[in-house]
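There are 2 protein chains.
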Amino acid sequence: MNEKQPATAKPQRDEAVVSAFVERFAAQLTEAGMVRMPARVFAAILSCDSGAMSAAELSEQLKISPAAVSGAVRYLSQVTMISREREPGSRRDRYRVHSDQWYEALGNRDQIVKSWEETMREGVARLGPDTPAGRRLAETQEFFAFLGKELPLLLERWREERERTYGGSA
Amino acid sequence: MNEKQPATAKPQRDEAVVSAFVERFAAQLTEAGMVRMPARVFAAILSCDSGAMSAAELSEQLKISPAAVSGAVRYLSQVTMISREREPGSRRDRYRVHSDQWYEALGNRDQIVKSWEETMREGVARLGPDTPAGRRLAETQEFFAFLGKELPLLLERWREERERTYGGSA
DNA sequence: CCTTAACTTCACAAGTTTGTGAAAACAACG
DNA sequence: CGTTGTTTTCACAAACTTGTGAAGTTAAGG
Numbered sequence: 001m002n003e004k005q006p007a008t009a010k011p012q013r014d015e016a017v018v019s020a021f022v023e024r025f026a027a028q029l030t031e032a033g034m035v036r037m038p039a040r041v042f043a044a045i046l047s048c049d050s051g052a053m054s055a056a057e058l059s060e061q062l063k064i065s066p067a068a069v070s071g072a073v074r075y076l077s078q079v080t081m082i083s084r085e086r087e088p089g090s091r092r093d094r095y096r097v098h099s100d101q102w103y104e105a106l107g108n109r110d111q112i113v114k115s116w117e118e119t120m121r122e123g124v125a126r127l128g129p130d131t132p133a134g135r136r137l138a139e140t141q142e143f144f145a146f147l148g149k150e151l152p153l154l155l156e157r158w159r160e161e162r163e164r165t166y167g168g169s170a
Numbered sequence: 001m002n003e004k005q006p007a008t009a010k011p012q013r014d015e016a017v018v019s020a021f022v023e024r025f026a027a028q029l030t031e032a033g034m035v036r037m038p039a040r041v042f043a044a045i046l047s048c049d050s051g052a053m054s055a056a057e058l059s060e061q062l063k064i065s066p067a068a069v070s071g072a073v074r075y076l077s078q079v080t081m082i083s084r085e086r087e088p089g090s091r092r093d094r095y096r097v098h099s100d101q102w103y104e105a106l107g108n109r110d111q112i113v114k115s116w117e118e119t120m121r122e123g124v125a126r127l128g129p130d131t132p133a134g135r136r137l138a139e140t141q142e143f144f145a146f147l148g149k150e151l152p153l154l155l156e157r158w159r160e161e162r163e164r165t166y167g168g169s170a
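Protein chains in written order, with UniProt numbering: chain A, 1 to 170; chain B, 1 to 170.
Certain hints may be false.
[To be verified] Under the rule of at most 25 Å between Cα atoms (straight-line distance), these lysine-lysine pairs were calculated in the BS3-like manner:
1) B:K149 to A:K114
2) A:K114 to A:K149
3) B:K149 to A:K149
4) A:K149 to B:K114
5) B:K114 to B:K63
[Said to hold, decoys possible] A short, non-exhaustive set of chain B residues, derived as facing chain A with CB atoms under 10 Å:
6) V22
7) L29
8) G33
9) L46
10) R136
[To be verified] Over 12 Å on every C-beta distance to chain A, these chain B residues come out as not near it, computed from the model:
11) R86
12) G89
13) E161
14) T165
Keep in mind that the hints were calculated from the coordinates and are not lab data. Where a beta carbon is used, it is the ideal one built from N, C-alpha and C, also for glycine.
Make a model of the complete structure from these sequences and hints.
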């Protein structure tokens, strides 16, 4: 037989295949507005078996300089999509995707929405609540308020559904 | 009295104030990943009393060339945040924000989410559903599926709430 | 403490994006 | 069907962004 793995071996990673997937997903994230290096780094960590990678591993797999890794992980930590951990007794950091954590990063979006809402509120006041433009802004403000209220609820529902699927039977 | 407007006059636009608001909101949209000119154009139209502006008006208020206006409105039309209309018997287009329509542009996001989900599905298949990485991707896929299902519902709820507020009593 | 592995910072070169002017293409109106 | 006001296209210059190499900093382990 020409199988790549004997029946008893555990499934083996074909690094070329992994890399192709990583680059594809990263490209999609980039298209959606994410900066390229953080997107690639995030995709790589998400796709590794342990769920965590060192800077050296990232540097090698993505063929980028340590400087680029440094910048990307700083950004990703900032927006809480990964967390940094140091293995005690080593000087090597590892960067990890906490499954439960990075969904919440979407929740950070509601901070953005909040600030938009604030801007709308100010706009209504400045342009006048009785002007046509003011009324339009007021409605937009309500929309943002609605989102700010609903997004956290959405995440909560996800947490529940997730709990049911992965927590219950696993 | 030093009021800017007599009690009987209708509220009058102070263009400097309007412009300050437009630029502020546009800057926020830009920060959130939107390209600058489309953001400015969108903010300007949203903030004008009629809810629609001509290219010449945009060009003047934003101090940009007709070419820049052209590019921005093309983009905004594409993502359905504005619509183009021509006043019959004129050769001048007007660009309009349909309040009900641009919220839906958020809904377009669920197309993006759909394509991410597809990528995850492929990733699971390629990396192997029984590998740790494969399982992580599978969970991520479910998350995207969840979003794709929920986002349209969210918009629907907004439409209802909006109907109640603005449709019922106005 | 000194050595050394690992991470970070910084200035810069390469690459992209953005907005413009000028010219071309359109379309209403006489 | 030519005129004229309007929008679009295109090549280019300016501004910004990105990723790198190299030097600098930090901290584990001898």
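Results of checking the hints against the structure:
no. : hint             : verdict
1   : B:K149 to A:K114 : holds, 24 Å
2   : A:K114 to A:K149 : holds, 10 Å
3   : B:K149 to A:K149 : holds, 18 Å
4   : A:K149 to B:K114 : holds, 24 Å
5   : B:K114 to B:K63  : violated, 39 Å
6   : V22              : holds, 9 Å
7   : L29              : holds, 8 Å
8   : G33              : holds, 4 Å
9   : L46              : holds, 6 Å
10  : R136             : holds, 6 Å
11  : R86              : holds, 22 Å
12  : G89              : holds, 24 Å
13  : E161             : violated, 6 Å
14  : T165             : violated, 7 Å
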